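Number of protein chains: 2
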Amino acid sequence: MSDLSRESVLNIKRDLLNGTPLIVYDFDGREEEADMVFYGGAISWKSINLLRKDAGGLICYVTGKEEASAIGLNFLTEEWKTHPIYRDLIKRPSYGDYPSFMMWINHVSVSTGISDIDRAKTIKELHNLMTDHITNKEEFFLNNFYAPGHVPILASRGLDIRRGHTELVAHLAELADLPKSMVIAEMLGEGKSLDRRKAELYASSHNLIFLEGNEIIKE
Amino acid sequence: MSDLSRESVLNIKRDLLNGTPLIVYDFDGREEEADMVFYGGAISWKSINLLRKDAGGLICYVTGKEEASAIGLNFLTEEWKTHPIYRDLIKRPSYGDYPSFMMWINHVSVSTGISDIDRAKTIKELHNLMTDHITNKEEFFLNNFYAPGHVPILASRGLDIRRGHTELVAHLAELADLPKSMVIAEMLGEGKSLDRRKAELYASSHNLIFLEGNEIIKE
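Chains A and B are the protein sequences, given in the same order.
The first sequence begins at 1 in our numbering and counts up one residue at a time.
The second sequence begins at 1 in our numbering and counts up one residue at a time.
Keep in mind the hints are simulated off the structure, nothing from the lab.
The reader is advised that the hints may include incorrect statements.
The list makes no distinction among identical chains, and a pair is therefore deemed to hold if it is satisfied within one copy or across any two copies.
[Claimed, not checked] Calculated lysine-lysine pairs in the DSS-like style (CA-CA distance at most 30 Å, straight line):
id: 1; residue 1: Lys198; residue 2: Lys13
id: 2; residue 1: Lys46; residue 2: Lys198
id: 3; residue 1: Lys91; residue 2: Lys81
id: 4; residue 1: Lys137; residue 2: Lys81
id: 5; residue 1: Lys13; residue 2: Lys81
id: 6; residue 1: Lys81; residue 2: Lys46
On a predicted model such as this, the values are computed, not experimentally measured, just so you know.
The following block holds chain A by itself, in its conformation from the complex:
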């Protein structure tokens, strides 16, 4: 399912479990964007701090479509398809795929929801819900989180349907034999997305693994 060697996959897994970020670039001709990626099980407030300072994009939680469905969530593009007004807002972005957004949430225990500590708490609690043995996950989710909040949940439709960062990093979790529970943010430069060369430079100067979409999905 990928071009990555067994050794590369083990290095990726080691970094994810250690709370070390990876840099994942999608494809030339698509978004042409590099995302900073953490494993949801290794998030601390310092990871959120790094995501907002060194990446700068939207800090999102990524899981699979089935995992999200198990806690009661659906794509907003699906939810709003039948809304008398909002259905007209559902359009394909310029890069071609429908957005992966499901819901913006906070854990009930947070203060304002936006600080590094609060966002890390929301994500940690969501990760625990996704990976713990809980009988009724939907009920647990609805009781312990609220919306609208400050952490967007993105869900992977699978790489056969969409080739965005959401699907790439969900697949990366699978390759590393980890639950689909990842945290991503776009790396931004001055004005525009950080270009590929600068994202590679950032990765090498911080000793981070740099991956591109073609390595992750090449059969």
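Mind docking chain B on chain A? Use the hints.
Here is chain B on its own, set in the frame of chain A:
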């Protein structure tokens, strides 16, 4: 409607129109948070860049409830009240008020939607829609924007109902005789919200006006 002198209001209006941010602290005992605030009509990609680097919170567009209603939008707390599952996610945050979120949008012309240039473009187009003479604003909005996107729209319920940053800055626009079209982001410190003292220091060292909720709403 406020404790501010005529001269203070004129200085606030001058800074807003110049694209200079203000720092607005809410209240001791509420969120205890300082937001960086720009006027929507003076946003450039450099303002978005400053909001994400020096403030660090969620970069949101603020308008009034009536203005939002004119383009077809409603509070998500209202929209989801009748949803079979999502209604259970509607809860009051720890600071007491229901969230002001309506919709996350992008302008149709943007690339990925998240870069400084893209977010500034979405906001500029939204500001123009809000302030230009357009016969059918709802139709124009639905044709020229899509959702879910990267710029959250917050709407003021009015200071008699809610005393959050959304209502404070919408009221500030009124005091300055400007349309309710503002852009805000929470100022974050290491881990937590930036404390009041540090927010005041930031304001004074950057020659920015610092306001607190009590000055804005004192009758």
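Okay, the hints, checked on the actual structure:
no.: 1; hint: Lys198 - Lys13; result: within (24 Å within a copy, 39 Å between copies)
no.: 2; hint: Lys46 - Lys198; result: both (23 Å within a copy, 20 Å between copies)
no.: 3; hint: Lys91 - Lys81; result: both (10 Å within a copy, 25 Å between copies)
no.: 4; hint: Lys137 - Lys81; result: both (26 Å within a copy, 21 Å between copies)
no.: 5; hint: Lys13 - Lys81; result: neither (38 Å within a copy, 41 Å between copies)
no.: 6; hint: Lys81 - Lys46; result: neither (38 Å within a copy, 35 Å between copies)
Checked against the numbered hints listed earlier, the structure breaks hints 5 and 6; every other hint is satisfied.
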